[in-house]
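Participant: Here the protein sequences line up with chains U and D, keeping their order.
Each residue of the first sequence is one higher than the one before, counting from 235 in the numbering used here.
Each residue of the second sequence is one higher than the one before, counting from 1123 in the numbering used here.
Simulated from the structure, these hints should not be mistaken for laboratory data.
Incorrect hints may appear among the rest.
[Said to hold, decoys possible] Pulled a few chain D residues facing chain U out of the computed Cβ check, cut under 8 Å:
#1 1278
#2 1282
#3 1292
#4 1294
#5 1295
#6 1296
#7 1297
#8 1508
[Claimed, not checked] Restraint ranges, calculated between C-beta atoms of paired labels, are given here:
#9 D/1600 to U/575: 30 to 36 Å
#10 D/1611 to U/626: 36 to 42 Å
#11 D/1388 to U/289: 15 to 21 Å
Here a beta-carbon is modelled for each residue, glycine too, at the ideal position from N, C-alpha and C.
Residue strings, one per chain:
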Amino acid sequence: MRILIVGAGEVGKHLCGQLSSENHDVVLIDKNPASLRRIERQMNIMGVSGNGASAQALEQGGVREADLFIAVTDVDELNLIACVMANEYGVKRKVARVKNEAYLSGASPLSQYKLGIDLIINPDKLMADEIFKLSQIPQAFEVVEFAHGDVVLLGYDVAANNPLCGITLQDAKELRGLYDFLVVAIVRDRNTIIPRGGDILQPGDKMYLVVRRKDILAIETLLNIRQEKPHKIFIVGGGQVGKRIAKEIAQTKVEVFLAETNAERCEELSEQLGPVIILNIDGLESQELITEGIDTADLVIAVTDSDTTNILSSLLAKHYGAKRCITRISRPDFIPLLKKLGIDIALSPRLVAANSILRFVRRGAILSASSLSGSEAETVELVVSERWQYIDWRIKNIQFPAGVNVGAIVRGINIIVPSGDSVIKAGDHLILFAIKNTVTTLERFLAE
Amino acid sequence: MRIGAVITALGWLIVFISCFILVPVPVSLIYADGRWMAFLCSSLVGFLLGGGAILCIRPEKEIGHREGFVIVSLSWLLASAVGELPYYLSGTIPSVVDAFFEAMSGFTTTGATILIEVEPLGPSLLFWRSLTHWLGGMGIIVLSVAILPFLGIGGMQLVQAEMSGPVKDRLAPRIQDTARILWTVYVVITGVLILLLLFAGVDFYSAVNHSMATIATGGFSTMTTSVAGFQNIWVEIILVIFMMASGVNFTLYYRLYKRNWQTVFNDEELRFYIGVFFITTLAVAVLNFYEDIYQDFGQSLRHASFVVSSMLTTTGFGTEDYDKWGAASKFLIIFVMLCGGMAGSTAGGIKHVRVLLFYRFSVIQIKKYIHPRSVEALKINSSKIPSDVIQGVLGFISLYVAFFLTATVIISIQGGDLVTNASAVLATLNSCGPGFGGVGPARNFAHLPDLTKLVLAICMLAGRLELYTLVVLVVPGLWKGAHGPVFRWQKKEKYLWR
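Input sequences plus hints: build the corresponding full structure.
Facilitator: Put into structure tokens, the structure is as follows:
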């Protein structure tokens, strides 16, 4: 598949790396030749320097043969025009990153369908959604939804008081009683382990569980990781992301504080966000923040535009006793570092955007695929078609491609913890764990 | 630096080369020269070596640019080491050093030979000589990336370390496709030349051999007298055209095929390249005519055009002993030899684009003496050349001079005269073949001492890989923090993925 990507920012770069490693023909268009050459040296892609909304650059990049067009520069207007042009060239699927919602929503006579754009990505909105999702299951550092959200994959840090610690997973099966859950992956010292019955969880590991959404509460209690429902959430930064999160969380009847450095913006926010307490404090004024009680917050969400402010205010809050923090950082390369510093969850808006584009790109038999942070594994959710040759086969008889493990089978509302004798039926959702870059192989395997 | 990744990749490449060593076996059987055992044994050695490496070392996928340099340089060395076996095992070249020199000269498309007479090798070994040219011409690595799928992203690092020229343009988003396109162009041009030579009355065997040597800009012939042995003016004309064609950037042919006429005809490097050819040919023809070396201007033009195109594209075919020409003609020949072909061609030398860039850079520097505060962009094909590319070219030329001087000094310690030594280094560094004096077109490299031959073999490789790729190998920083290979039988961790 030939894919044209406009904009060599973090999103573009991340997409290039992922898509080219899946053996797609990727062409990257950007106006900065120096950064293009740098990316060309690292990744198996072709760079075209020029304006992404100019016919010359597009034709040079082979837009006529392209199957997918992704415009992810920092400029909304350029992305829109580029997509409209790609539409004229007959590209089938188009994705644009548009921050300003005023263009295409509400009373606007234009809509994404009129412009022929299949997917509009708003990084701020995605970021806010992601953070909101995490804030609802505050102990998990990773939440991935499957089967329309009925089944979730949760990542937890394993503490010493976790009853799963020190016993084999075989024995843990008895402990879980009525609730179905499955430890599908363990990350220990940056190595990803696909556990078997004899494996033992150790404190300090990260574990990934597949559970039903309605069982989350019970399982968290069972595993001693449930803490009280957050009462107080402190948001640092009243930009687009901060505002959206505050609005959503305030609806869940939790006390929300929002600190914003710009006084005018504060007034604007207090106008729009009813019950939220708006504070005119900079994220780095430590005394003021402590006075307002950032130290007693159950969750601190730092989402200013400045990475420094986000990191420092999160660290400050954690140091004085805040329970958890979610920190926005624009450079994804530093995420593993932040975890070492004690920041529980670090999110990069660009990575979040890129991942949601990838999910769109892989539409088909594969419903979703997302990479687990800090591990080499990817989770893939897919539907088994009726024509698949392995229907009604036992799992142990099916030769899955190397590096692929069946994590769970979702049939209707049941999650089946698979054993070698489990049978796969048409219409099942399989949740697979795969080493990175096996998605293409999997797609082919499923078509057999 | 992951030594394991290097060894695995090299193992695959040796196996790859060993497959090609089997190609001359049918040739040997058809012509009944009794050399087929030598090829079988050689390829067996190659399979054992390469297969052993692959089977013993646990594969590591990641190939970074550092591994790329090491793999590319060593793969050429190993290819020559395995490629020399047929010569050695058949007993036709009894010295290991000589056989290595011949094989390296083949793969790097130099065409310098240590054989006083080539005919005794027999049809199959002569075919192997030409085949090494042809494989090395577009590049062993480029070929293996085009054919072998497993190299993946690593393949990109390798191709970048092997392809010539200061700027590497891509024809397709994926490097594998680019490599495939280049090899297709290469095969097609070779096929066309074979047909044309057949029309000109050359027998099939010679046509195939000379075509491979021409398109690779190699220079090995199946006759000691080289192309002069044909005594056929049409053959000479065809070869001049195709030697020149092989010195052209191969991506331009693909652009022609894509009907991208404008890009091709406005290519400044191409214009410069053709200009150099015509002006030098004319100058040499006139000089030789006036110095009374040839009585007939037509004759003078014929020899001048053949020698100039042969040396400009660093092929090294001979029709005439240019060593008897005047000093000015000889100097012009050295000049075109240095210029070499175009970037992205199979030819060696400094490459025209670098010479052009160097020239424009000098002009800008001189202008700065008149207008000290002036700013002028260096442009080629009406686009600005970034300063890191300019620096790369300047660095290349300095390194080139330094390499030339060092190699000349080393071989001069072992005797010989100035002209022979300097021209031997130039002829090998530019992958040209014949030089002047003791290594002139009517002579060969057989009489040189062994160490000299080895140094010259290194020069050939350095020239083929455009210096940097080979020279970084001796920089200690490249090897710092290298970690050794993991054998397959070493304890495997339980982790599925690391």
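Participant: Look at each hint and say if it fits the structure.
Facilitator: Cross-check of the supplied hints:
1. 1278: holds, 5 Å
2. 1282: Nearest chain U Cβ about 7 Å off; hint holds.
3. 1292: This hint holds: residue 1292 of chain D lies near chain U, its Cβ roughly 5 Å from the closest one there, short of 8 Å.
4. 1294: holds, 7 Å
5. 1295: holds, 4 Å
6. 1296: With Cβ-Cβ at 5 Å, under 8 Å, it holds.
7. 1297: holds, 6 Å
8. 1508: Check passed: Cβ of residue 1508 of chain D comes within 7 Å of chain U, closer than 8 Å.
9. D/1600 to U/575: 30 to 36 Å: Holds - the Cβ-Cβ distance for residue 1600 of chain D and residue 575 of chain U, about 33 Å, lies within 30 to 36 Å.
10. D/1611 to U/626: 36 to 42 Å: holds, 40 Å
11. D/1388 to U/289: 15 to 21 Å: About 20 Å separates the Cβ atoms of residue 1388 of chain D and residue 289 of chain U, which means 15 to 21 Å holds.
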